[in-house]
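Take a look at the letters that make up each chain.
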Amino acid sequence: MKQNHYEARFAGVGGQGVILAGKILAYGMVNYEECQALQTPTYTAQVRGGPTKVDVVIDKKHIEYPRTENIDFFLSLHQKAFDLYFTDLKDDAIVVIDPNLTQHIPKDIPQQVFVVDLVEIAKKEMGNPLYAMVLAVGFFAGVTKLIKNKNVQKSVIDNAPKGTEVENLKAVRIGFALAKEALKRKEDLVRLTLKDIDKNKL
Amino acid sequence: MKKNIKFYSGAELVAKAAIDAGCRFFGGYPITPSSEIAEHMSKELPKVGGTFIQMEDEIAAMGSIIGASLAGVKSLTATSGPGFSLKQENLGYAYMAEVPCVICNVMRGGPSTGLPTALAQADIMQAKWGTHGDHPVIALTPAYLEEVYELTIKAFNFSEMYRIPVIILLDELIAHLSTAIELPDKDLLVIKNRKGPTVKPEKYFPYDTAYGDVPPMADFFKGYRYHVTGLSHDKTGFPTTDPDLVQADQERHIRKVNANKGKIIDFEYYKMRDADIVIFAYGSTSRAARVAIDKARKLGIKVGMMRLRVIWPLPEAEILKLCSKVKAIIVPEMNLGQLSNVIEKFAADRTKIVGINHVGGVPIHPSNILDVIKEVK
Chain P
1 MKQNHYEARF
11 AGVGGQGVIL
21 AGKILAYGMV
31 NYEECQALQT
41 PTYTAQVRGG
51 PTKVDVVIDK
61 KHIEYPRTEN
71 IDFFLSLHQK
81 AFDLYFTDLK
91 DDAIVVIDPN
101 LTQHIPKDIP
111 QQVFVVDLVE
121 IAKKEMGNPL
131 YAMVLAVGFF
141 AGVTKLIKNK
151 NVQKSVIDNA
161 PKGTEVENLK
171 AVRIGFALAK
181 EALKRKEDLV
191 RLTLKDIDKN
201 KL
Chain E
1 MKKNIKFYSG
11 AELVAKAAID
21 AGCRFFGGYP
31 ITPSSEIAEH
41 MSKELPKVGG
51 TFIQMEDEIA
61 AMGSIIGASL
71 AGVKSLTATS
81 GPGFSLKQEN
91 LGYAYMAEVP
101 CVICNVMRGG
111 PSTGLPTALA
121 QADIMQAKWG
131 THGDHPVIAL
141 TPAYLEEVYE
151 LTIKAFNFSE
161 MYRIPVIILL
171 DELIAHLSTA
181 IELPDKDLLV
191 IKNRKGPTVK
201 PEKYFPYDTA
211 YGDVPPMADF
221 FKGYRYHVTG
231 LSHDKTGFPT
241 TDPDLVQADQ
251 ERHIRKVNAN
261 KGKIIDFEYY
271 KMRDADIVIF
281 AYGSTSRAAR
291 VAIDKARKLG
301 IKVGMMRLRV
311 IWPLPEAEIL
321 KLCSKVKAII
331 VPEMNLGQLS
341 NVIEKFAADR
351 TKIVGINHVG
361 GVPIHPSNIL
371 DVIKEVK
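Chain order of the listed sequences is P and E.
End of the first sequence = 202 in the working numbering, gap-free, step of one.
End of the second sequence = 377 in the working numbering, gap-free, step of one.
Careful, some of the hints might be misleading.
To be verified - Computed, partial: chain E to chain P, Cβ under 7 Å:
no.	residue
1	Gly110
2	Ser112
3	Gly114
4	Ala248
5	Gln250
6	Ile254
7	Ala259
8	Asn260
To be verified - Not close to chain E: a few residues of chain P, all C-beta gaps over 10 Å, as computed:
no.	residue
9	Val30
10	Gln39
11	Arg48
12	Glu64
13	His104
14	Pro110
15	Lys145
16	Lys180
17	Glu187
18	Asp196
19	Lys201
What the hints assert, rightly or not - Using C-beta positions, here's what the derived DEER-type ranges look like:
no.	chain 1	residue 1	chain 2	residue 2	range
20	P	Asp83	E	Asn357	25 to 31 Å
21	E	Asp57	P	His104	28 to 34 Å
22	P	His104	E	Asn368	40 to 46 Å
23	P	Lys2	E	Lys6	23 to 29 Å
24	P	Glu33	E	Thr51	58 to 64 Å
25	P	Asp91	E	Glu146	33 to 39 Å
26	P	Thr87	E	Lys345	33 to 39 Å
27	P	Lys2	E	Met125	43 to 49 Å
Note that these hints are calculated values from the structure, not bench results.
Owing to the predicted nature of the structure, the values given are computational and were not obtained by experimental measurement.
Just so you know, even glycine gets a beta-carbon here, dropped at the ideal spot from N, CA and C.
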């Protein structure tokens, strides 16, 4: 890891796999990238449908304050979660939103924004919108280069429910490929769909 | 090469430590944010021959661990604010009947159902005075995952050593936080078990002070029969209203903890040697304080921290010393001043007490503490 300290936040609503995404990332960083990492979830009393987030703090050394202070990466799968948790971001942070459920973001924000069809791709390619958050972790790995693609895949194998490995690994690969494409673009607001990647090269 | 490093959540570690301490019974009722402890116990207890039972409510859950403990089995329940309120009557029963057991209260905002999923340190006083009457209290406040494991084992040890219920006051942030930690070698753990009777059943009295302030405790179903009641009782366990006996017994209960304060009190100093401002903190809040202290030190401000690992009993002598030594004590808490009110009484105007009090569910940020440090400097 190039940076000494990195903070990521994945947000959505209960049932979208937000907390599992945090675990896959934090577990992967600790076990396969030799970093310190911890994850803290926040959710409401609603089991499904309530705004949820997970903060992942990554550091080369001991992490004293377990919550985020200056966020480097923010991803939201839902408008409710975006509105509540779009806070404490650095000006040069990366912001990723899914256009299906997050339609309104403030104008003229300083951050680089990627609009990625995560839910649609998850439905089309893996047959279930639940894989959107694993796509998101793959996208995170590709964009930030903090964790290698193969190490995300290892962490997915360790943490995903049995029987979902094939689809989850595919989700990581697609997310990673989308990120590679994203990094080639120069606009402030980049839109990406399945058409932007070559599925034969996954 | 470290060998015991694994990825755990705080809740998972309460369950793991309980089992490693010898706990073989969990009776509980699901309540956020403590439910994960029950979830882990339900998976892990059967593997070691233990028993997990989901009771019909919080009150019964507390009753079930008292019963299991009387039968000789180390027992745990987990709950949160409103559930802890419901447990208070049976908790008092356990103090009165001197039944060792451990209650892990993952605190949440209150009163009533309050903020079910958010961070709070709302039960500091409920742990101390929640049940009526005078009673000894031991309550522990872990701030790190390593400490969750260590202090949960300690909680079981204290409960067995002093025949009392012991409370773990856990912050939601710590219960739900997951990270990789190294656990101590299981063979090196110090595990205490209650003292059993050394006499035959017909010679046994359950509250016999001839053996000291902590009478030997016989397990039920092993031939020892005795009466268990929440009423004031004599050494046989049967009720008494004899003023001298009741007075002596109540004083003995308090003495069990007070006379052993030296073994129970547990706190840590951070950068205190030259500090003239002190942060007095416990649980997750102390982690924000530590970051704030490091930042303030870089600005040349002499600030340190006294962090409680055991919140009840309080280290009164050390707090008194502190009050006459420093110019301000800052008490950050996720409540409206439950502990700072107590510290203020110790200070008695000899030093300034400044509370930082958040009850909105959002953690106290290091910058909140740093701002106050700069103000009082």
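Right, here's what the structure says about each hint:
1. Gly110: violated, 14 Å
2. Ser112: At about 13 Å, which exceeds the 7 Å cut-off, the nearest Cβ of chain P leaves the hint on Ser112 of chain E violated.
3. Gly114: Violated. Min distance 10 Å.
4. Ala248: violated, 47 Å
5. Gln250: Nearest chain P Cβ about 41 Å off; hint violated.
6. Ile254: violated, 37 Å
7. Ala259: This interface hint is violated because 36 Å lies over the 7 Å limit.
8. Asn260: Nearest chain P Cβ about 32 Å off; hint violated.
9. Val30: Violated, because the least Cβ-Cβ distance between Val30 of chain P and chain E comes to about 4 Å, which does not exceed 10 Å.
10. Gln39: Incorrect as stated: the minimum Cβ-Cβ distance to chain E is 5 Å, not above 10 Å.
11. Arg48: The claim stands: Arg48 of chain P keeps its Cβ more than 10 Å from every Cβ of chain E (closest is about 14 Å).
12. Glu64: violated, 5 Å
13. His104: holds, 24 Å
14. Pro110: holds, 20 Å
15. Lys145: holds, 22 Å
16. Lys180: holds, 29 Å
17. Glu187: Since the minimum Cβ distance to chain E is about 34 Å, Glu187 of chain P lies beyond 10 Å and the statement holds.
18. Asp196: Consistent with the label, Asp196 of chain P stays out of reach of chain E, its closest Cβ about 34 Å off (over 10 Å).
19. Lys201: holds, 33 Å
20. P:Asp83 <-> E:Asn357: 25 to 31 Å: holds, 27 Å
21. E:Asp57 <-> P:His104: 28 to 34 Å: violated, 44 Å
22. P:His104 <-> E:Asn368: 40 to 46 Å: violated, 30 Å
23. P:Lys2 <-> E:Lys6: 23 to 29 Å: holds, 27 Å
24. P:Glu33 <-> E:Thr51: 58 to 64 Å: violated, 41 Å
25. P:Asp91 <-> E:Glu146: 33 to 39 Å: Cβ of Asp91 of chain P to Cβ of Glu146 of chain E: about 36 Å, so the range 33 to 39 Å holds.
26. P:Thr87 <-> E:Lys345: 33 to 39 Å: 38 Å Cβ-Cβ, so the 33 to 39 Å window holds.
27. P:Lys2 <-> E:Met125: 43 to 49 Å: holds, 47 Å
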